[in-house]
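Quick mapping for you: the protein sequence lines, in order, are chains P and W. Just so we're aligned: the first sequence equals residues 1 to 109 in the working numbering. Just so we're aligned: the second sequence equals residues 1 to 114 in the working numbering.
Just so you know, the hints here were simulated from the structure itself, not pulled from any lab data. As the structure is a computational prediction, the values presented were derived from the model and not from experiment. It is possible that some hints are incorrect.
Computed list of lysine-lysine pairs in DSS-like fashion (alpha-carbon distance at most 25 Å, straight line) [to be verified]: (1) P/K42 x P/K63; (2) P/K57 x P/K79; (3) W/K71 x P/K68; (4) W/K71 x W/K57; (5) P/K42 x P/K59; (6) W/K14 x P/K42.
Facing chain W, from chain P, some residues (calculated, C-beta under 7 Å) [to be verified]: (7) G43; (8) P44; (9) T49; (10) L50; (11) K69; (12) F72; (13) T76; (14) A77; (15) K96; (16) F99; (17) T101; (18) G102.
The beta carbon of each residue, even a glycine, is placed where N, CA and C say it ideally should be.
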Amino acid sequence: EDQVTQSPEALRLQEGESSSLNCSYTVSGLRGLFWYRQDPGKGPEFLFTLYSAGEEKEKERLKATLTKKESFLHITAPKPEDSATYLCAVRGATNKLIFGTGTLLAVQP
Amino acid sequence: DTGVSQDPRHKITKRGQNVTFRCDPISEHNRLYWYRQTLGQGPEFLTYFQNEAQLEKSRLLSDRFSAERPKGSFSTLEIQRTEQGDSAMYLCASSFGTSHNEQFFGPGTRLTVL
Numbered sequence: 001e002d003q004v005t006q007s008p009e010a011l012r013l014q015e016g017e018s019s020s021l022n023c024s025y026t027v028s029g030l031r032g033l034f035w036y037r038q039d040p041g042k043g044p045e046f047l048f049t050l051y052s053a054g055e056e057k058e059k060e061r062l063k064a065t066l067t068k069k070e071s072f073l074h075i076t077a078p079k080p081e082d083s084a085t086y087l088c089a090v091r092g093a094t095n096k097l098i099f100g101t102g103t104l105l106a107v108q109p
Numbered sequence: 001d002t003g004v005s006q007d008p009r010h011k012i013t014k015r016g017q018n019v020t021f022r023c024d025p026i027s028e029h030n031r032l033y034w035y036r037q038t039l040g041q042g043p044e045f046l047t048y049f050q051n052e053a054q055l056e057k058s059r060l061l062s063d064r065f066s067a068e069r070p071k072g073s074f075s076t077l078e079i080q081r082t083e084q085g086d087s088a089m090y091l092c093a094s095s096f097g098t099s100h101n102e103q104f105f106g107p108g109t110r111l112t113v114l
């Protein structure tokens, strides 16, 4: 069964303190790993799609990487506005996205 | 704003009542998805349309749930005889193309069943 596990569940950082979020997955025939950002009471906002091991994508202070078993979302010098829940999802043989439970990130000034 | 829109944003209802939600996808997106999200969890897939055809349904979608996309544009999700366990955020997403790439989500409809 396709499964996504995210860690840590919550992370508190000081402004400027870089860190990484982890997404471990098991899926039959990966057809995409997706990262989303979700603010309280809002829908998920698309960040990145990764398709194959070794692939990397960057956007501002965020960088996503992918291996055959996990993905990392690296946050460099975070700012308070980066505070949100970060969701990881995979798409396998079926057409649906399987989401993890997310990492709640709080960046303190 | 040309993103995915959902209506209403909030709905409070009494147990046993029927509710209907609407989703307007990004124009020209031929795929539309419904997900449900409860507090502290990631979204869970409910169903998916390609144009007007409903192609996949989750086991989560009980007989009390029905979704339509009559003209391949907007979609509705109806819940009959609501139960307290139906309380959740109902999210709609859309995508374009033949390979189910990036899904763009709407703001969601928050349902509270009293």
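Comparing the hints with the structure gives:
Distance check on the hinted pair: P/K42 and P/K63 sit about 23 Å apart at the alpha-carbon level, within 25 Å; holds. Between the alpha carbons of P/K57 and P/K79 the distance comes to roughly 20 Å, so the proposed pair stays at or under 25 Å and holds. Distance hint between W/K71 and P/K68 is unfulfilled; the C-alpha atoms sit about 40 Å from each other, more than 25 Å. This hinted pair checks out: W/K71 and W/K57 have alpha carbons roughly 19 Å apart, not beyond 25 Å.
Pair hint P/K42 plus P/K59 holds up; C-alpha atoms about 21 Å apart against a cutoff of 25 Å. Using a Cα cut-off of 25 Å, the hinted pair W/K14 and P/K42 holds, with the two alpha carbons roughly 24 Å apart. Look at P/G43: its Cβ gets to within about 4 Å of chain W, closer than 7 Å, so that hint holds up. Interface hint at P/P44: satisfied, since its Cβ lies 5 Å from the closest Cβ of chain W, which is below the 7 Å cut-off.
Of the supplied interface hints, the one on P/T49 holds, with its beta-carbon coming within about 6 Å of a beta-carbon of chain W, less than 7 Å. Hint on P/L50 is violated. Least Cβ distance to chain W is approximately 12 Å, over the 7 Å limit. Annotation: P/K69 was flagged as interfacial toward chain W, and the flag is violated, the nearest CB pair being 19 Å apart, outside 7 Å. With 7 Å as the threshold, the beta carbon of P/F72 stays out of range of chain W, its nearest partner Cβ sitting at about 18 Å, so the hint is violated.
At a threshold of 7 Å, the smallest CB-CB gap from P/T76 to chain W is about 23 Å, leaving the interface hint violated. At about 26 Å, the closest approach between the beta carbon of P/A77 and any beta carbon in chain W exceeds 7 Å, and the interface hint on this residue is violated. Against a cut-off of 7 Å between C-beta atoms, the interface hint on P/K96 holds, since the closest Cβ of chain W lies about 4 Å away. With a least beta-carbon distance of about 3 Å to chain W, the hint placing P/F99 at the interface is held under the 7 Å criterion.
Below 7 Å, beta-carbon pairs count as interface contacts, and P/T101 has one with chain W at about 5 Å; its hint therefore holds. Hint status for P/G102: holds, given a least beta-carbon distance of 6 Å to chain W, under 7 Å.
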